[in-house]
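**Q** The lines below spell out each chain.
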Amino acid sequence: MHAISMSAADALNTLSAGLILICAFAMVGTRQVQGVVRFFVIQSLLLSASSFLLASSERSYHLWALGAITVVAKVIVIPWVLRRTLARDLYVRREIAQVVNIPTSLLLALALAIAAELIVGPASKISGDPVIAVNLPIGLACVLIGAYSLMARREAIPQLIGILAMENGAFLAGIAIAAELPLIAELAVAVDVVLIAVIVGILTVGIKKTMGTTEAAGLSELKEEPTSWR
Amino acid sequence: MALIAIVLVPLVAAGLCWVPPLRRVAWHITIILQGAEFLLSLWICRIVIVEGRAVGLSHWFEADGLGALVLVVVSFVCCIAAIYSAGYMKHDAEQRQRLWWYYTNYNLFVFALVVVPALADPNLVWVGVELVTLFSVLLVGFENTAGSLEAAWKFSVLTIMGAPIALLGFLVLFWAYRSGAGAGHETWESLRLAAPLMSPVLLRLSFVLVFMGFGAKAGLAPMHTWLPDAHSQAPTPVCAVLSGVKTTVPLYVVLRFLGIVLASPEARMGQWMIVIGLISVAIAAFLLLQVRDYKRMFAYSTVEHMGIILTAAGLATRASDFGAVFQLLNHSITKSLCFYVAGLVLLALNTREIKSVSGLIRISPFAGGMLVLCSLAIAGAPPFPIFLSEFSILGSGIRAGHPVAVAILAVLIVIAFIGIMMHVNRMVFGVPETGPTSTHVQLPLTCRIGVVVAVVPVVVLGVYIPGPLHSLLALAAQQLGGH
Chain Z
17 MHAISMSAAD
27 ALNTLSAGLI
37 LICAFAMVGT
47 RQVQGVVRFF
57 VIQSLLLSAS
67 SFLLASSERS
77 YHLWALGAIT
87 VVAKVIVIPW
97 VLRRTLARDL
107 YVRREIAQVV
117 NIPTSLLLAL
127 ALAIAAELIV
137 GPASKISGDP
147 VIAVNLPIGL
157 ACVLIGAYSL
167 MARREAIPQL
177 IGILAMENGA
187 FLAGIAIAAE
197 LPLIAELAVA
207 VDVVLIAVIV
217 GILTVGIKKT
227 MGTTEAAGLS
237 ELKEEPTSWR
Chain R
24 MALIAIVLVP
34 LVAAGLCWVP
44 PLRRVAWHIT
54 IILQGAEFLL
64 SLWICRIVIV
74 EGRAVGLSHW
84 FEADGLGALV
94 LVVVSFVCCI
104 AAIYSAGYMK
114 HDAEQRQRLW
124 WYYTNYNLFV
134 FALVVVPALA
144 DPNLVWVGVE
154 LVTLFSVLLV
164 GFENTAGSLE
174 AAWKFSVLTI
184 MGAPIALLGF
194 LVLFWAYRSG
204 AGAGHETWES
214 LRLAAPLMSP
224 VLLRLSFVLV
234 FMGFGAKAGL
244 APMHTWLPDA
254 HSQAPTPVCA
264 VLSGVKTTVP
274 LYVVLRFLGI
284 VLASPEARMG
294 QWMIVIGLIS
304 VAIAAFLLLQ
314 VRDYKRMFAY
324 STVEHMGIIL
334 TAAGLATRAS
344 DFGAVFQLLN
354 HSITKSLCFY
364 VAGLVLLALN
374 TREIKSVSGL
384 IRISPFAGGM
394 LVLCSLAIAG
404 APPFPIFLSE
414 FSILGSGIRA
424 GHPVAVAILA
434 VLIVIAFIGI
444 MMHVNRMVFG
454 VPETGPTSTH
464 VQLPLTCRIG
474 VVVAVVPVVV
484 LGVYIPGPLH
494 SLLALAAQQL
504 GGH
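Protein sequence lines, in the order shown, are assigned to chains Z and R.
In terms of this note's numbering, the numbers along the first sequence are unbroken and rise by one, the last being 246.
In terms of this note's numbering, the numbers along the second sequence are unbroken and rise by one, the last being 506.
If you are wondering where the hints come from, they were derived from the structure by calculation, not from laboratory data.
None of the values given here were measured: they were computed from a predicted structure.
We put the beta carbon where it would ideally sit given N, CA and C, even for glycine.
Errors might be hidden in some of the hints.
Claimed, not checked - Estimated spans, in silico, between C-beta atoms of each pair:
#: 1; chain 1: Z; residue 1: ALA113; chain 2: R; residue 2: MET444; range: 39 to 47 Å
#: 2; chain 1: Z; residue 1: VAL97; chain 2: R; residue 2: SER81; range: 34 to 42 Å
#: 3; chain 1: R; residue 1: VAL479; chain 2: Z; residue 2: ILE142; range: 49 to 57 Å
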């Protein structure tokens with residue numbers, strides 16, 4: 017994450033990308049459902065800020081559209097869907113069930129961020145573009161940290177937010193490396209993200225009705241062990 | 024035009040099933056339109072064989088040999104599953120009021136399955152694969168029991184998690200294409216032609232990301248753990264589609280990427296694919312020995328076959344690519360048959376445990392006989408088509424200079440064969456348990472019709488491959504990039 021030139025737009029982009037990474041850490045470190053959702057909304061806002069920044073410096077209408085799509089889908093529609101379907105679980109004040117405790121989780125997230133830099137660092141510097149050199153490793157880091165939080169968290173809503181935060185990471189890399197992606201593809205991806213939220217929401221409501229909780233940790237009936245046959 | 028129609032037909036069917044006055048006849052609508060879908064796919068195959076490719080909308084909807092092969096496989100399996108659903112889904116009185124919801128979802132699911140091979144733009148293909156996952160989540164959880172919801176949850180978390188990773192891979196590929204080959208429209212065809220000009224580092228990075236993301240969806244080890252849960256808990260016709268073609272579709276995308284990577288002389292990925300494929304086959308073969316649920320048994324066999332196809336594609340010769348696409352076809356038609364038959368056993372005996380099924384041949388001769396036939400076919404006994412494709416893969420592996428890989432693969436296939444036949448032998452023969460189940464059971468007519476139709480290609484392709492099919496397979500194999 018070096019090789020940063022001195023232009024103001026690049027500096028702002030680096031700042032925004034850094035804040036996005038901090039949001040990813042904050043989501044791992046938060047103990048309550050509402051906090052996770054709040055940091056996700058902040059991260060999405062920062063992502064759209066990044067794409068607006070790139071849009072103005074590269075004069076790309078694609079990136080304006082992408083930033084607007086991000087705001088509509090992830091800052092407005094998805095929190096609204098969550099509030100409509102899962103309001104009671106969203107505002108309940110209790111700690112999220114975790115497999116690993118939070119300090120260890122944060123250390124592991126840090127290790128994943130370093131791993132991301134090691135994996136794509138060489139590739140991201142091929143083109144010599146400072147924006148790619150920042151966004152690609154941070155984007156991959158967000159994807160990996162999101163995947164980790166999916167495995168460490170055992171509750172439906174934080175898992176859903178984890179998936180969406182992974183998508184944010186992929187987009188952060190995407191605005192740098194694939195700015196001219198056809199607009200229809202971007203629109204389709206945005207619709208897809210909303211669909212993920214809706215369908216996982218429907219599923220969560222069903223699980224709650226049948227089992228009375230959204231803790232996915234209780235889901236351990238199906239295994240290849242003799243105990244499951246009673 | 025046929026290519027546009029084949030995408031629209033399932034959408035129309037889903038809309039009709041949703042309209043309240045038509046909800047009572049949802050299953051008629053589904054069967055008729057899925058039948059039309061299958062005929063359309065045959066027509067597309069004809070166009071592809073004659074002209075090399077079928078074009079619906081230039082640069083967006085195009086199908087070459089591989090696309091047409093996957094289209095015909097998907098629509099065949101989905102058509103039979105629609106017929107089978109009609110009788111099968113009625114057995115549960117509780118769900119009868121919600122059947123229209125099942126058929127609406129089923130048609131949307133088919134739409135997502137056919138849209139993937141029909142698209143030429145990779146980024147939209149990513150969206151298509153995501154839609155496949157999302158609609159299948161609703162079908163897996165359809166029965167609304169604790170078990171089915173648990174399966175649907177595990178399934179959705181593990182498979183949707185792969186999506187952003189794969190998306191990053193697709194974006195890296197787009198970047199590699201733009202920075203290496205200029206500004207043309209990005210399609211599978213242009214990507215494969217431009218691969219030698221692209222940076223091998225980026226190509227490899229993109230392939231690894233897509234493989235991690237979509238390998239989970241295809242059920243490749245070690246990301247296969249959702250597969251037996253989902254495939255044992257979903258309604259049986261859905262299991263058939265899930266195991267037969269839902270795993271094939273993400274594998275199709277992985278094979279496309281493999282074709283692009285292999286077209287670049289410097290980005291060597293073939294040997295890794297052989298290793299990863301063999302690991303999948305090995306894990307599945309040993310799990311097959313110790314399963315307790317016969318639907319899970321067939322699900323593990325899917326993991327085995329995905330591994331075999333990947334190994335064959337990794338060998339990267341013309342002959343092994345032919346084996347890979349032939350195996351892909353054979354696995355889909357045979358595995359869906361296996362699940363239809365497993366559904367008959369479930370209807371007759373109402374248990375999924377292998378050890379509580381015994382003497383099936385006397386309780387229901389039809390189900391018992393079919394179970395023996397489909398198990399022999401899926402395990403790879405002659406004269407069934409899987410034997411032919413596995414044999415050609417092993418042969419091409421020796422000619423490609425990979426004797427160790429071939430030896431390991433052969434041993435694992437034999438272990439899987441023993442595992443499947445051991446369980447099936449116990450279920451079909453032997454003395455039936457005395458009790459209310461030991462009388463003859465009447466199986467729904469449409470279920471039996473579905474099974475009989477599904478048997479036809481499994482028996483015929485073992486002894487005779489029609490000329491057009493052979494040329495379609497040869498066209499499809501060209502897309503995998505073997506030399």
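**Q** Now, for every hint given, state plainly whether the structure supports it.
**A** Taking the hints in turn, this is what the structure says about them:
In this structure the hint that ALA113 of chain Z and MET444 of chain R lie 39 to 47 Å apart at CB holds, the actual value being about 43 Å. Distance hint check: the CB atoms of VAL97 of chain Z and SER81 of chain R are about 37 Å apart, consistent with the given range 34 to 42 Å. The hint said 49 to 57 Å for the Cβ distance between VAL479 of chain R and ILE142 of chain Z, and at roughly 53 Å that hint holds.
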